[in-house]
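Colleague: Here the sequence shown is numbered in UniProt numbering, starting from 1 and rising by one per residue.
It should be emphasised that the hints constitute simulated quantities derived from the structure, not laboratory data.
All figures in this text were calculated on a predicted structure; none of them were measured in a lab.
Possibly wrong hints are sitting among the right ones.
[Unchecked claim] Straight line, CA to CA, 20 Å or less: simulated SDA-like cross-link-like pairs of lysine to any residue:
1. 98 to 117
2. 166 to 185
3. 229 to 239
4. 166 to 150
5. 98 to 74
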Amino acid sequence: CRSGQVFLAGCRRREVGKLLALKTIGWRVPAGTSPRQFLAQWTYECRFSNAMGQEQVHFFDRYIYDRQEIVHFDSTLGRYEAVTPLGEPAANYWNSQKELVHYKRSEVDRFCRHNFQILGTLAHARRGESRSVPYGAGRQGPLPASLWAHFSSDFYPQEIEIRWLKNGRRATEGVFYGEELHNGDWTYQTQVMLEDTPQRGDIYACQVEHSISLPLSSEPRTSESARRKVWMGIVGALLGLVFVTVGLTCYLRSKKGKGALEGT
């Protein structure tokens with residue numbers, strides 16, 4: 001589950017009793033389905049209405065059977081709601097447990113706000129303003145066509161929007177969107193590429209919108225090691241040019257001196 005862009009997950013002993021209660025409320029494996037092939041899962045989700053997460057917090061406790069959500073607890077409503085007919089017996093049974101319902105209502109403070117205070121600092125650190133780096137600044141000659149790629153991985157839910165920006169505007173040409181792939185653990189990964197021929201001073205950035213209240217942007221940069229190699233290459237080329245110039249000068253002088261001696 002997630003809190004803002006902070007993903008939280010938890011499992012308590014109290015939840016084990018809920019799984020044991022499935023048998024008592026009349027759940028059955030569908031006919032023709034092997035009883036060994038099923039998946040029962042629950043997730044906690046916290047939604048904050050603002051950046052600090054202190055004004056309105058919504059807590060969701062989702063119960064999933066065989067990869068389909070069947071019932072969930074909504075703190076806004078203060079009760080369990082059935083999503084499918086299979087979840088109706090569970091919702092009715094758990095709503096009749098007053099102590100359980102009261103416990104779930106208090107999860108807004110005990111689970112959401114508590115974990116937000118612990119992990120919120122890390123979450124907001126990712127929202128820092130990005131620096132703009134002009135492409136090709138200080139570079140002589142024409143700039144070649146370039147290909148940039150942005151990779152996003154280990155995100156949930158599946159809905160995500162990734163866009164490339166050129167000089168602050170969304171790039172629409174030369175953009176290639178990769179397929180959203182399953183990681184096998186309910187998370188996803190994808191990539192978006194941009195092919196363009198930049199002009200000197202152009203600024204490129206990749207912007208991601210997922211589970212944070214503000215878009216997260218980053219600019220492609222040359223790594224420190226790559227810049228070091230470029231400078232080493234430039235210095236080496238200059239030294240080579242100096243040695244060639246000195247050698248050629250010495251050669252011409254010696255040839256000129258030899259010709260003068262032969263003339264006398």
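Colleague: Between the alpha carbons of residue 98 and residue 117, is the straight-line distance 20 Å or under?
Modeller: violated, 29 Å
Colleague: For the pair supplied as a hint, residue 98 and residue 74, confirm whether the alpha-carbon distance does not exceed 20 Å.
Modeller: Holds, at about 15 Å.
Colleague: Tell me if the straight-line CA distance from residue 166 to residue 185 falls inside 20 Å.
Modeller: violated, 34 Å
Colleague: Are residue 229 and residue 239 close enough, with their CA atoms no more than 20 Å apart?
Modeller: holds, 15 Å
Colleague: Is the hinted pair residue 166 and residue 150 satisfied, with a Cα-Cα distance of at most 20 Å?
Modeller: Between residue 166 and residue 150 the Cα gap is close to 14 Å, so the pair holds against 20 Å.
When held up to the earlier numbered hints, the structure conflicts with 1 and 2 and fits the remainder.
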